[in-house]
Structures are given as structure tokens and as C-alpha cells.
Amino acid sequence: MIFFSKSYRQYSDEQLMGLIRKGDASSFDELYKRYSHRLLHFFYRMLNGDEDKAQDFLQDICLKIVEKADTFNPEGKFSSWIFTIASNMCKNEYRSMRKRISMDNETIDRNYVGPEKAIEEEIDHKNFCDYLYKELYELGYDKRSVFLLRFQEHRTIKEISQILGCAEGTVKSRLFYTTQLLSNRLKVFR
Amino acid sequence: MKTRDSKPNKECNRVENLLIQKSQDGFLQPEREGIEKHLEGCESCRVFRERVMSFYDSLAVPANSHLKPNPEIRKLAKNRLKQVRPSSNRRFRMIKKFLHDLIKFRIPVYQAALGMAVCLIVILFLNRHHVSKQSRMMGQIESYRNYGHADDVLEHIDLFHSQKIGRNIVEDSLLFRILVVPEYKHTYQKNDTVSSQLL
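Taken in order, these protein sequences are the chains called B and G. If you read the first sequence in the numbering used here, its first letter stands for residue 136, the second for the next number, and so on. If you read the second sequence in the numbering used here, its first letter stands for residue -10, the second for the next number, and so on.
Distance ranges between label pairs, derived from CB positions: (1) G:I110 / B:K157: 37 to 47 Å; (2) G:F114 / B:S142: 52 to 62 Å; (3) B:Y312 / G:K71: 40 to 50 Å; (4) B:R144 / G:G23: 37 to 47 Å; (5) G:G30 / B:E186: 44 to 54 Å; (6) G:G104 / B:S147: 52 to 62 Å; (7) G:I110 / B:R144: 50 to 60 Å; (8) G:K85 / B:E186: 38 to 48 Å; (9) G:R21 / B:D191: 42 to 52 Å.
Covered stretches of chain G (chain B as the covering partner; in silico rule of three or more C-beta atoms under 8 Å from a C-beta of chain B): (10) -2 to 10; (11) 35 to 46; (12) 50 to 60; (13) 68 to 74.
Treat the hints as calculated values from the structure; they're not laboratory data. For every residue, glycine included, the Cβ atom is placed at its ideal position computed from N, Cα and C.
Build the full structure now, drawing on both the sequences and the hints.
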């Protein structure tokens, strides 16, 4: 029987989605294997390093893949479709977070030590990552999502514009601004 | 040669934009050559390129990350998939299982129903066999009736109800002679007792 079993690794993401539409659970397994880590990290970075929330968002997006498989256009790219959903989820979360903050009159706790104060500390890759993430969490949704899609997910400008539903020029300017900003803030690690 | 302190010009902006927009292997040959040439003479852009590369390195999903998807998520989504989209294979398996259970009498309701169905088939078969025998007799009587002059005889002796026709070849041939051959008919008309004698 093992000789007749399908090797789902050979299938593209789009073909796997076609099989999911027909109710093939093994196709979902393969897609989950390919995207669960990436999506979890994307949510984790987008949601200020909140692991529980990132897990909740991953669960929601997995259910959306199953329930809304019919809305996926087989001629499009699955990765673009899934990251569009993911960034929309984050956008909604940002909106509700903003509402909560304004209602409760709370401020985000940013009790991290700036890089200037840590100059004397040992500067290594881990420190750089930590500071990069902290700087990243200070950025707004638009800049953060553009930055993560470019440098974490390796999406092209065109794909990012499709995912976020904005012009390529807007993506380029946001990306340029964010990269320059982070580059300047993290100068100390040079 | 430019130094990092020198003021970035338009070319620096163009190179920085390219470094941000495209990954290392995404440059066209003339772009790559142009960037390399510029980077040789511009330290600030070299620093910027290193920074961009470090973003890629820092943000890449590490293989041994502490962050792992909750295994329950996969199970939950798969169960949902089974609910929302039952596959054709799954339906086929269900039908197969149902038939298997039926044959193995694992479903008691169907055991009784199957018994009743078998009884019904037997009754229908027997009934049909009985009807066919009766209809054969009726057919034979009808053939005698075609000889119109024998009607009164048939009515008189009530052959059908006494089941005299179709039981015995000798009796049948005797009746045929009485009913069909004219001399016998004549005899019958003369003598009322002939039929009772013959029968």
C-alpha cells in the first residue's frame, strides 16, 4: 500500500489548496508543515512578541484556510493569499488595540534600555536581534508589516503591494523609510 | 574616495533603494555591476548593505526556535476540515462500512427487516406458482368453450369446479369426444344420462 501513497511534498501550495477543497486532510498537513512556523513567527513579530496571541492567530488562520478554501483563487499565489489574511488579522488587532488603549487611557510599556546605554555591554548578534525587535515593536502596523514581509518573508515589492493592498511606490517609500530609520537607530552595532 | 562622513548623493539613494528592494540574487547584471562599482567607493553604502543583510539574518525564522506551533491547532483544523468538507473517499468508506455491518448483522434492526423481506419473496413466489397452475386450467376450459355447442354441457357438469379438466389425459380425451364430435353430441341430446355414464 505504501507504494501507492501520494507524496504531498511534490505538490505546489496551490495544488494542495485544490485538494483541501476536496476534503483531503493530508494536504492540509503538508501546508501546515510548510507555513505554520513562518506564520507563527510573523504573528509573533507583528504582535509585540506575544506568544499566546500569536498561537491564537495561527489557530484562526488555520481554520480560515479550511473554511474559506473556496475564496482562494487557484491562479494566484497561495503565499500571497495567506499573508494577506495574516496582515489583515494583524491590522484588525491593531485597531482594537488602539481602541482599548484610548478607552483605558493606558500606554504601552516600553521599558527597554536603548542601545546607547548598552554600548559597553557585549555586542553580539543576539543583542542586535533583541534591539532590532524592540525597535520594530515601536513601529506602526504599516511599516512593521512591510518590513517583516520584505526581510523575514522575502516577499518582493510587487507581492507586498498585493498583500497589503497598496501601490508599489507606497511600499517602496515605507520600506526605505523604515530601513533607514532602523539602520540609524542601530548604528551603534556597526 | 568617499568616506562614511561624506553626504549621501542621488547615487547613494538609488543604490540603497536597490539594496532594500531586491535580495542579493535578484539583481540584473548591469545593476549588480553598478552597485559593486558604487560600493567600492562609498563606505556609508557598504555599511548600509551590511545592515540590510543583518536584517535578513536577524529576522529569518530559526530552525531551533523556542517558538513552536501548538500541536492542538493542527488537530483542531483537521477536525474542522472533516466537518466542513467530507471527502469522497470518506463517504465511500462510510457506505462500505454500513454494508459490511449490514451483512454481518451488526445492525439488529436490519436483521428483522431482512427476514421479513425473505418471507415476502417466498410468499410471492408460491402465490405466483399457484396462479399459473390455475390459469393453465382456465386456458384449457376456454379452448373447449370455443366449440359453442358444448356450453350447456360444461355448465351442467360444472367441470371447472369439480376440477375434472386438466387432471387426467384419459378423462380429457373422453370429454373432448363428447363435446366436439357431432355424433356424440347427438347422442347426448337424445340421452340425458350419457354424460354421467361417460364420466
